[in-house]
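Trainee: Given next are the chains, with one letter for each unit.
Protein chains: 2
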Amino acid sequence: MQVPSPNTREAASMYGTVVAIFLVILVATLQSSAPPEDPFPYRIPLDPEGSLELSWNVSYAQKTVHFQLLVQELKAGVLFGMSDRGELENADLVVLWTDGHGTYFGVTAFPALACKTRPESQVHRKQDAWSDQRGQIHLDSRQDYQLLRARRTPEGLSLIFKRPFDTCDPKDYLIEDGTVHLVYGVLEEAFRTLEAVNTSGLQTGLQRVQLLKPSIPIPALPADTHTMEIRTPDILIPDQPTTYWCHITELPDGFSRHHIVMYEPIVTKGNEALVHHMEVFQCAPQFETFPQFSGPCDSKMKPGRLDYCRHVLAAWALGAKAFYYPEEAGLAFGGAESSRFLRLEVHYHNPLKIQGRRDSSGIRLHYTARLRPFDAGIMELGLVYSPVMAIPPRETAFVLTGYCTDKCTQLALPPSGIHIFASQLHTHLTGRKVVTVLVRDGREREIVNRDDHYSTHFQEIRMLKKMVSVRPGDVLVTSCTYNTEDRELATVGGFGILEEMCVNYIHYYPQTQLELCKSTVDPGFLREYFHLVNRFNGEEVCTCPQASVPEQFAAVPWNSFNRDVLRALYGFAPISMHCNKSSAVSFQGEWNRQPLPEIISKLEEPTSHCPASQDQSPSSHTVVNIGGGKG
Amino acid sequence: MQVPSPNTREAASMYGTVVAIFLVILVATLQSSAPPEDPFPYRIPLDPEGSLELSWNVSYAQKTVHFQLLVQELKAGVLFGMSDRGELENADLVVLWTDGHGTYFGVTAFPALACKTRPESQVHRKQDAWSDQRGQIHLDSRQDYQLLRARRTPEGLSLIFKRPFDTCDPKDYLIEDGTVHLVYGVLEEAFRTLEAVNTSGLQTGLQRVQLLKPSIPIPALPADTHTMEIRTPDILIPDQPTTYWCHITELPDGFSRHHIVMYEPIVTKGNEALVHHMEVFQCAPQFETFPQFSGPCDSKMKPGRLDYCRHVLAAWALGAKAFYYPEEAGLAFGGAESSRFLRLEVHYHNPLKIQGRRDSSGIRLHYTARLRPFDAGIMELGLVYSPVMAIPPRETAFVLTGYCTDKCTQLALPPSGIHIFASQLHTHLTGRKVVTVLVRDGREREIVNRDDHYSTHFQEIRMLKKMVSVRPGDVLVTSCTYNTEDRELATVGGFGILEEMCVNYIHYYPQTQLELCKSTVDPGFLREYFHLVNRFNGEEVCTCPQASVPEQFAAVPWNSFNRDVLRALYGFAPISMHCNKSSAVSFQGEWNRQPLPEIISKLEEPTSHCPASQDQSPSSHTVVNIGGGKG
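Protein chains in written order, with this note's numbering: chain A, 1 to 631; chain B, 632 to 1262.
Please note that the accuracy of each hint is not assured.
Covered by chain B, per the in silico footprint, the following chain A stretches (three or more residues, Cβ under 8 Å) [unchecked claim]:
| id | segment |
| --- | --- |
| 1 | 520 to 531 |
| 2 | 547 to 561 |
| 3 | 569 to 580 |
Covered, in the sense of this in silico footprint (three residues per stretch, anywhere, with C-beta under 8 Å from a C-beta of chain A), are these stretches of chain B [unchecked claim]:
| id | segment |
| --- | --- |
| 4 | 1152 to 1163 |
| 5 | 1198 to 1204 |
Please keep in mind that the hints were generated in silico from the structure rather than gathered at the bench.
Note that the Cβ used here is the ideal one computed from N, Cα and C, for glycine as well.
Input sequences plus hints: build the corresponding full structure.
Mentor: This is the structure:
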């Protein structure tokens, strides 16, 4: 799994160096007979071996996440936290740590946990800290994680703690909607002081998750719900770090039109840390049949026709739970007009190259023959897959924007509008943020979906916290932020993994004919740009019209002027619209050289509920005794 | 005097709405016999009538300004504070205020002032407050001004209070080097509550001042110092709001070469609030003689030749004290090579159109015949007065930058370098900020002078807090920020008052031949810009080569693209240098199409000494009894 290394300056200013807790606990065998805690509905293995398991619960009322960290076997300590993109530098950390001695510090904020002097035992310290840009841990003066309970269980050491979404310290990590990069580390041996712990010397890793799951009521399933399992056929997971497994299956003969109303993951027990994400695609209806196949998607044996199985039916990623359609809608499948063939794709993430593990994971579709009032639809917003939209190299945060214009929604949407209930964001490797905003009468009204910590390695269909209604005449603006620091040449739009996309697949109802509402810059204006580059750069480089657009971009000397003007061009030039019924068939109308939608007012950034300034508690060390020693 | 109305949003975010004090005092005639307070060396009348006088003292050790506000005749109250550009909206205010009743609030932080219940007296309240964007006053929860003493004196009510430079509240006004816009208001009648006071209904005004005077030791004057007074000849101040008075005088026949070592203002008693600034210029040596003249500078009677009297000898503005040259240098005047003729220019600011006031104000030069080791010189940095540097209309903060390149300093400066000890910043009406930075080996090293609240209406020669040494090969980068929100057309560079300049006159020693080290964008690249504007905007406008540059700029349609590309051009295109011995004679070398100096590292913004977060004291009302009543 690629761990991007963002500009540390930027990361530092955005999330800063952040606060940690030191739990000073007695590492004696603890006798605990307390009943289980409140349920933590979301659960995820942190490390590939599954020896660290995180479960959590979100309280929107308290704006707080409650965590339970289960440590199967505690060595010298463990480190958990969050950071912008999964780096251990500038991370917001909790450290559970022993120094191998009996020394510890008084003062605890946790009345449930008595502080006792136990000089004869090993002691773990709980203390505020942060890691700097070099991964060195420092003490800090603020405490934003709060330990609620620590105890031994048969499964291991259970730590329950909470953390507000927003600590009100602008230097701290802010828990936001969308992807959160969890980081962890295992301390193999005792350190004399916390500051002797350098995170670069630890066994560490990251796990991506959507922490802030929406708290929407689960719709009741109809009584006649049937299930269908789309699973891999007890395959042997390759001992490779990354495998995308493709498996073709088909609906029963004569399977009529049904509505999928829910789907959920089936993960083979023991493989929870290996199964990263899964998707079910329906194949294209224009082919009578598709060949059988079950093997790695990049296998040379894979029949080419499987590339026509791209219509998403279901998508799951690590940490996601069951996906429920709204009560009034379902996703149609089956029937004469759609293909009987389905493609299951499972991404196995096996960095430890574990051998001999068998797997039958997949997705269980829950469907009903009693069609719901509305068919759900999937629409693609963002940028056309075209090289005319490009990102210069060595950019840390270059933004490209695609539009779904008022003219297109006016033509294609029903008078009562559509209702977006879920969204899947998509870019390739350099994508860092994705956001779609609804614009009405020139004013930004609502965020459809936003992920400021987007990763191409973690794509899931996310239920929206609140359905977004789009009316005819509305504009949908999808912006993607890219980081091309490690690239030498421009990154152009396209299908290739080294090219880029900016897409939001919105899930909505009632279904319309509009499948694709995307834009690019007008190619004529891009030609003017290349002409300008030639004039300003003394013709020593060829960005000449006879070359292809990727060749022209490859020839641009990326000085500040050419970068600034490209940015200005994308922010000004008219656009070509794709307002399509399917990827090839356009709605009737003129879609070239369309004016860029004008946005006269922006959404304000959500105002912080933090006081303008606040108490600064003095730096304090907290010693926590988590039970009686028996040694 | 023009009071610019900045973008209130911007102003709000920069300086915020800020804190005030309510002084609850007894408006009884007070008997006070205390000795005078600590001296407040700087003194300025706030209002044109001189009924409010501010004096102050700067403690760099405590990072605090101590103020004494003298109120000649207190009516219902008085309001004093600071804001970004002199607006009463979003101002940082102190309010001295009576409600006409005996009610008041307890709690005072000023132990020197006993709190007594005096229900029979009028009471003034002291309370934290801020004014919002509409000028409405609100209570606030923080107190950043601290009252030290309030007492009656024969001159009026004296209030002594202090305010830290930085209150550590990011919403508060930060007292910085350079211009500070003081605001004041007189409450004519009692208000029932502070929140009933709307600043728009008051008699208010502003006064510009350099609050943070440098604390540099005053050099001793030589024993043989003589003085010469350059004064207006007992003129009648015109009853016009603005008059620039021009008066020609001459040095004695045969006056030999001397060094000016100090100069100071002479302001006719009673006219302190009317005399705004004064400058003494030496006329050009190429003319044998200059005609006598004493009258308004814009008079049709003024001889044209007086335009050749532009070499600054001395400049003073309201609030400035005596100007001392460093001990080792003096400004040469007199002798055969310079003109005997001097022009005194006095700016009278008479908004109340007071009639019949006579004035003999001027400047007293202190000079010596025993020449000091070094001649002081004046060098002009920034932009050439050329229309090729232009600001689009409707910009709130457009930056233009002029360079003094390494190539020029390499040629023109002595091996040991020069030492800058003072600086006078200069723009025309739309200038809002000016800064000059010293760059060595591509890295920003030091700020030469900076004013983030610059006003064209307040230009003075300011001593630097610390001398800045410039070596051959160094680069001096002067940037000006302009606000053209109220303009319809581009503002081009030039001499006209509606054109713009970006200049820093640096005062330095030892004098060199280099008088002017300034730049503009390369005109060929600007032609490419106009060509581009034509191609991108469908030739419907003529920015054609046969037109003049101002005509071409006037024809540009100012869409986002044309703005962005102009900004990109100025940040990228090569420059034409003026590296001149006098305004017409260049040092030898190629000065066209020079590369823009590369700056690989920027100076970091000064780190705040404020804690990351701090105590928030609860809102409290303070009642202050300033003495015994006699009524």
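Trainee: For every hint, state whether the structure bears it out.
Mentor: Structure-based check of each hint:
1. 520 to 531: Since 3 is at least three, the answer is holds.
2. 547 to 561: holds (count 3)
3. 569 to 580: Held - the segment 569 to 580 of chain A has 4 residues with a Cβ nearer than 8 Å to chain B, which meets the minimum of three.
4. 1152 to 1163: Per the Cβ count (4), the hint holds.
5. 1198 to 1204: holds (count 6)
The structure fails none of the hints (numbered hints given earlier).
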